[in-house]
Amino acid sequence: MKIVVLLKMVPDVVEELEIAPDGKSLDTTYLRMILNDSDNHALEEALLLKERHGGKVCLLAPDAPEVDDALFAALAKGADRAVKIAGIDAAEGTRAVVARIVQALSTADLLPADLILTGAQAIDDLDGLVAPLLAQTLRWSHLSVVNQVRFDASTGVTTVTKEFPGGLRAEFEIKLPAVLGIQSAEKPPRYVPVAKVRAAMKSLQIDSTTVPIAAGMPALEIQSMAKPSAAGHAEMLEGLPEAVAGKLCDVLAAHGLL
Amino acid sequence: MSGNIWVVAALCRGRLLDATYEAVALGRELAENLGTKLEVLLLGHELKDVLGTLGIADAVLCVEHAALADPVPEVHAHVVARLAGTRHPQAILVPQTNVTWELGSLVAGELGVPYVNSCTELRMVEQTLEAHTVLYGGKVEAIVRTKHAPSIFGLVSGVRAVEKGYADHAPATERITEVDVQPTSVQLRRYLEPEAGDIDISKEEVLVGVGRGIETRDNLEVSKELADVLGGAICGSRPVIDQGWLPLSRQVGKSGATVKPKLYIAAGISGAPEHVEGMKGSGLIIAINSDPQAPIFQVAHYGIVAKLLDVLPALTEAIRSRSRRGMKQYA
Amino acid sequence: MPDPTTFAYFGLPGYQALWLLTLLSFAVFGGRVLQHVRILARARPDPRWDHLGQRSLRVVTEVLFQRRLLDEPLIGIAHLLIFWSFVLFAATFFWGLLRGLIPTLPISYPDDVGSIALAMELFAVLGLAALGIAAVRRYVFTPVALERSRDATTILILIAVVLVSFLALSGFRVLTHPSEQAWRPVGGLLSNGLLAAGATREVGPKWYLGMWWLHMATVLGFLAYLPFSKHLHLLASPFAVFFSSLDARRLPQHSEGAARLPEFTWRELFSGLACAECGRCDRACPSFQSGLALDPKELIRKVKEAVIASERSAVADGYALLGEVSSDQVWACTTCAACMERCPVFNEHVPLLVEMRRALVLNGECPSRLQQVLLSLERYGNSFGQAPRARPKWCSSLNGWLKDARREPVDYLWFTGDYASYDPRVQPATRALARIFQRAGLNVGLLHEAEHNAGNDVRRVGEEGLFELLVEKNLAAFHSARFKRVLTADPHSYHALKHEYPPLNGSATVLHHTEVIDGLLQSGQLAVHHELLRRVTYHDPCYLGRYNGVYAAPRDVLHRIGAELVEMPRNRRNAYCCGAGGGRIWMEDTPVHKERPAEARVREAAQLPGVEMIVVSCPKDLVMFQDALKTTGLEHHLTVCEIAELVEGAVTP
Ligand SMILES: Cc1cc2nc3c(=O)[nH]c(=O)nc-3n(C[C@H](O)[C@H](O)[C@H](O)COP(=O)(O)OP(=O)(O)OC[C@H]3O[C@@H](n4cnc5c(N)ncnc54)[C@H](O)[C@@H]3O)c2cc1C
Ligand code: SF4
Ligand code: SF4
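Protein chains in written order, with the numbering used here: chain A, 321 to 578; chain B, 297 to 627; chain C, 10 to 662.
Worth flagging that the hints you see were computed from the coordinates, not collected in a lab.
Remember, predicted model here, so these are calculated numbers, not experimental data.
Backbone N, C-alpha and C define an ideal beta-carbon position, used for all residues, glycine too.
Mixed in with the good hints there might be a few duds.
Chain A regions said to be covered by chain B (calculated; three or more residues, Cβ under 8 Å) [as the list claims (entries may be wrong)]: (1) 331-344; (2) 404-410; (3) 474-483; (4) 490-496.
Below, simulated EDC-like cross-link-like pairs (lysine to aspartate or glutamate); rule was C-alpha separation at most 20 Å, straight line [unchecked claim]: (5) K522(A) - E265(C); (6) K376(A) - E506(A); (7) K482(C) - E335(A).
From the derived model, a few chain C residues whose C-beta atoms are all more than 12 Å from chain B [unchecked claim]: (8) A52; (9) V72; (10) W216; (11) A561; (12) T599.
Please model the complete structure; the sequences and the hints are all you need to start from.
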C-alpha cells in the first residue's frame, strides 16, 4: 500500500498569539509553528496501515518554519520519505496550495498512490479544506472526519469509518485511490524518542521540490484580525442567585446552548 | 435584485441536526438584511417527516432521490452545485457538522467560488457579505468579505440559538426529483451504534463538573438536574470520584478523561492543574466557586462567586422557564 | 575416640565414603554455580574494580557486621548470630573435611582442640536460639513480604540439624570421655542427661560416629542444595556487596535500555542470585505499599528466574525479562531509592527499572499522559505544556527585583524548576523565597524563559535522548549567564544539576534553598523576628535526603526559626516517598488498592501528638500533600507548608 500523508505546520497556540501592526495578520516575533494536530493523526493512521499491510508512507509538506523538525520526527516514527514544497507563502489560499500539492505529487514522483491522508481540518483553515478540494482535483474518492481505515487484503476492500453526532459511526466502503481527511487515528499518535529523531536527522534527508504558483486562484482577503476579549480571567457575573441565573441564561443562549 | 439565501440542511439518519436550525436562524436574519428569501435545501430520500419544523424559512427545496439517501459528500455536493448553477443563490450556508463537513469546500470547489470556513457571524456591509470567522482554535477572530455570488459559508455550531430557527410548521415546499446524480465510489455500508455502558463524557456536548464544593453525595442531585435541562451529563474532579460518588468513567483530568464539550460548568472545583488539563479545551467554561481567588476563574470564560447550592437550582429553574416560553414541543 | 574416617563401614573405609559424598556434593554445587557464571559472563560488562579499599570496608561493615540488617534490631541480631555461627561452622567443616579426606594429615579434627570445641558449642546454642527467633518471626508473626516458603523451611531445618548434630556429637564424646567436659559444657549436660536416661558409656563411640556423619553429610547436602535456593545469598552476598555501586544515585550511562537478558549488566543479573528474599525492599516501597503493580522483591526474583530459565532454554540470549516484568510494574516506580537504601545485599532496583523504561521508551511505549508531558518538555521545556515565556510570570508581582542573570552578573543563579514556576499552588512559596532573598540582600538572578526542565525525572522515565536535549539547552542558558553559585528549591533539579550535568560555570556549587537559608540565618544576614513556636514535622524529599544526604540544613532552619520539630517514625534515610518522583507525577494516578503514598505519609504525620503542620522543602511535595489532605479528610488537622513560607513569616519584622 502506497500512502502519501500531507502535513501542514500551523501556529502554535500554546504561545500567546499577537496580531501584527497591520491588524490583518499574526505577529511573527514569537510565533512558533507546530504540526497540525489532525495531520499528526493522519500520519499515525498511515503508519498503522503500513504496519499491517506493508508498503510505503511518503510525506509531503509545504515549507514552513520548523517543518524539518516535524518531518524528521515523522521519518523517525517510520515514514519512508519526506518531501517539502519550497516557496509557499502562508497567505496563498487553500485552493492555490492544493493546486501546488497536485503538481508536487508528480514532480516529486509520489504518484501513483493508493491513499492520500491528511487532517480533516487545520486550525488555520480559512477558505477551504484541503482533503475535499484535493480529491476533487484529482478525481479520487473522498471522505473526511474519518477515524478508522481498514483494508482487507483478501478482498481488496477498503472500509472507512466516520463519526457522526451522538457517538454514532457510519462505515463506508470506498474505492482506491482515495483522499481521506482524518479526524483521529485509531490509536493516539505514537511517541518517538528524541534519540531516534536525532538519529534520523543525522542519517536521513528531506527532499525538496518547487512548483510554480497556480494562477487565477485568489485567496480570501482578511479585513482585520482581533483577539476575543476576556482571555486570562473570567468575566464575573454578580448579583443574587436569580439575577445571576438570568444572566447566565443569556450567555448560554448567546452561545446557542439553550 | 440579489439571489436567495440557502441553508443546506444537516440530516443524520432522517433526523435534522440542531445545527440546521441554528443556520436557519442566521439565514433568516441575513435574508431580512438583504431583502431576499431564505430557502432550505433538503437532500435525501423520503423526507416527509422533517419538513414540519422548518417554517422559519420561506421555502424548502426538497431534493429527493434514492442516491441521496446516504450521506456521501461528493454526491450531495454535486447536486447542490448544479442547483446553485441554475438558481443563482446569493449565499449558501452550510452548518459544519460531521455529516456535512466536506460539503462547503466541495461545492465551492466545483463552482469555483469563495468558501469561508468556521463562520460565527454573517452580515451585509457596504454591498458585500462580511463574515466573522474563528481561527487558531478560537484564539483569533478574523473578518473577511466577499462580493462573489454565490459564496459559501461554513458555520460553526452554536451560531444562533436553536429555538430561533425552529418552528412548528412547514414552509412552502418545492419538490425536485430530477437530479443529476454523479456516480460515486463511496458506499455507505452500515451504521454502528454507540456502545452501551456508561456514557462517554468525552463525547458529551454539555458537562456539569462537580468538585469537593458539592460537599455531600446527596447534593449531586442538584447538578444532575441542571445537566438534564441542558441535555448533558455530570462529571467530577478526582476527590468526588475517589469518594465513590461518581464512577471512574466520569473523572475529568490528568487521571481521567480529557473533555472538550461546548459547555463545561465547573461547580465547586478549585481548578488544580491536574483537573484543568482535562477540560481547558471546552468551548465555554462557566465556573461557580465560593472563593473569589480560586484558580478556576483563570480558565473560565464566566465566573460566579457564590455557593453552588444557591446558584445551580436557580439556573436550572431559569433554563426551564425559558424553554417553556420558547418552543413548546421541541423534541 | 574412634576416627570416623579410618573406621570401615560395611567394608568401605570411612575416608572413601567421605570422598564419594564430597565429590557428589561439589559436583552438584560447582555445576550449578558454573551455569550461573556463564550467564553472567554474557551480560553487559560493568567493571567495578575501582576503590578497592572502600569496597573492602563495605564488605566488613555490611557483611561481617551487617549494619543494614540491624535497623530491624531483633531479626538483625538474630541474623548476625546465625551468620557468625555459619562462618565458624563453615571453617570447622572444611578443616574437618580436609582431615577426613586425608587421614594421614598430621592434624587433629577441629573440635579435638578444646577451645574450638567450646566456641562451637557456644555458637551452636546462640545460633539455635537465633533460628528460633527467625522461625517464630517467619511463621507466627509473619511480616509483610516475607514468605513461608518450602525453601525457607528446608534451610532453617538444615541449619538446625547441623547445629544440633554437633551438640549431640559433643554429648556422646563427653559420655565416652567425661574428662572432655571442661571444654564441652553443653556436651556435659547432654551426657548427664543420657546417663540419667539409662545410657551406658559404651554406646558413646558408636553414637559419636553417627552424629559426626550426620553433621558432615548435612553440610555437604546443604552445599549441594545452596545454589538452588534463596540461600545462595550466603555465598553471593559478599560479592554483591563488594561489587555494589559506590554511588547508588548513579544511573547507567546512556544506553539503549535493556529488555533481554544480555542487555542487562552482570551486576543487575547478579542481584537475582544475591537476593535473600528478605522483603525489606517491599516493606519500604511506596509502590508496593500502596498496592500498585510493582513489588521490588518480586522484580528481583523475576531476574533470578530469568537467569535460571535462560540456563535451561536454548534461546538464552533472547530471553525477555521485560515482559516477564510487566510495563505496569516498570512504570510504577517512584525511583525513591528506599529499596536500595535498605537492601542488605545492595541490589540496585532503580537502575534496573530505568534500563527497562529506556527500552520501553525507545520502542515508543509509554503511558499516554506521560507521552504528552514528554512532548511538551521537548517543545516547551516544561512539563506543564505552557509557553516558555510564561515561566517567569510568577515573579511579575515582585517589581523586577530579581535580576536577569543573562544580562547582569549575579552571585546566585536561581534555577526555579517547573513546579515552582508554573504551578499556582506552589507560586506563593516561590515568591516567599524571593522576598527572603530580597530581605537578606542577596544578589540573585533567573534565567527566565531560557530555563528548561532540568531533566532529572526525564532521565528517570527513561527518555535519555530528551534528557540530553534538555541538558544542552540548559547549558546554553547557563553559558549566557554570569554567576557564582546555583540555587534551587527543587530537589529534583538540584540532584540533576549537581550530579548529572557537567560542571556549571567551571565549578559553581549547587545549593538547595534550605542550605542557602540556613547559611543566611547562621551568618545573621537574616534575623528572626517572630519565633514560630509551633510543633511541626518535616518530610525529607527523596532527592534531597536519600539521594543527597541533606538532612541537617532544613532541620537547622526549623530550629533557628523556633519551630519544635517532631520527627515522623520514618525519617531521614527511612523517609517515605510522597509518590511523585521518577515521573510518577506525570502519569495517571488512578485509584489504588490501598492508599496513595502521600496519603499514608500525611496519616503518619497526623499520628504525631500536637503536630499541626507538615513542613516540606520540595514543590512536588507541596502539591502531593495538599492533595492527600483533601482525599484523607485530614485538612482540618494538618496543613502543609513550604519551608520558605515559614521562614518568611519568621524573618519579617
Ligand atoms: C498525580 C495527580 C493526578 C491527579 N489527577 C487528577 C485528575 O485526573 N482529575 C482531578 O480532578 N484531579 C486530579 N488530581 C487532584 C488535584 O490535584 C486536586 O486535588 C483536585 O482536582 C481538587 O479537586 P476539587 O477542585 O474538587 O477540590 P478542592 O481543590 O478542594 O476545591 C474545592 C473548591 O470548591 C469550592 N467550594 C467549597 N464549597 C463551595 C460551595 N458551597 N459552593 C461553591 N464552591 C465551593 C472551594 O472554594 C474550592 O475552590 C490529581 C493529583 C495528582 C497529584
Ligand atoms: S525506588 Fe522506591 S518505588 Fe521504586 S521500587 Fe524502590 S522503593 Fe519501590
Ligand atoms: S532485593 Fe534486597 S531487600 Fe529486596 S528481598 Fe532481595 S535482598 Fe531483600
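Comparing the hints with the structure gives:
Chain B is given as covering the segment 331-344 of chain A, and this holds because 4 residues of the stretch bring a CB closer than 8 Å to a CB of that chain, at least three being needed. Counting residues of the segment 404-410 of chain A whose C-beta lies closer than 8 Å to any C-beta of chain B gives 0; at least three are required, and the coverage claim is violated. Coverage of the segment 474-483 of chain A by chain B holds [criterion: at least 3 residues with CB-CB distance below 8 Å; count 4]. Three residues within the 8 Å Cβ limit are the bar, and the segment 490-496 of chain A against chain B gives 6, so the coverage statement holds.
Between K522(A) and E265(C) the alpha-carbon distance is near 18 Å, which keeps this suggested pair within the 20 Å criterion. Annotation: proposed proximity of K376(A) to E506(A) holds, straight-line Cα distance about 19 Å (limit 20 Å). Pair hint K482(C) plus E335(A) holds up; C-alpha atoms about 19 Å apart against a cutoff of 20 Å. A52(C), annotated as away from the interface, keeps every beta carbon of chain B farther than 12 Å; the closest lies near 38 Å.
Chain B leaves V72(C) outside its interface by the beta-carbon criterion, the shortest separation being 44 Å against a cut-off of 12 Å. With a least beta-carbon separation of about 68 Å from chain B, W216(C) lies farther than 12 Å from that chain, consistent with its non-interface assignment. Every CB of chain B lies more than 12 Å from the CB of A561(C), the least distance being 33 Å, so the non-interface label holds. Look at T599(C): its CB is around 6 Å from the nearest CB on chain B, not clear of 12 Å, so calling it non-interface is violated.
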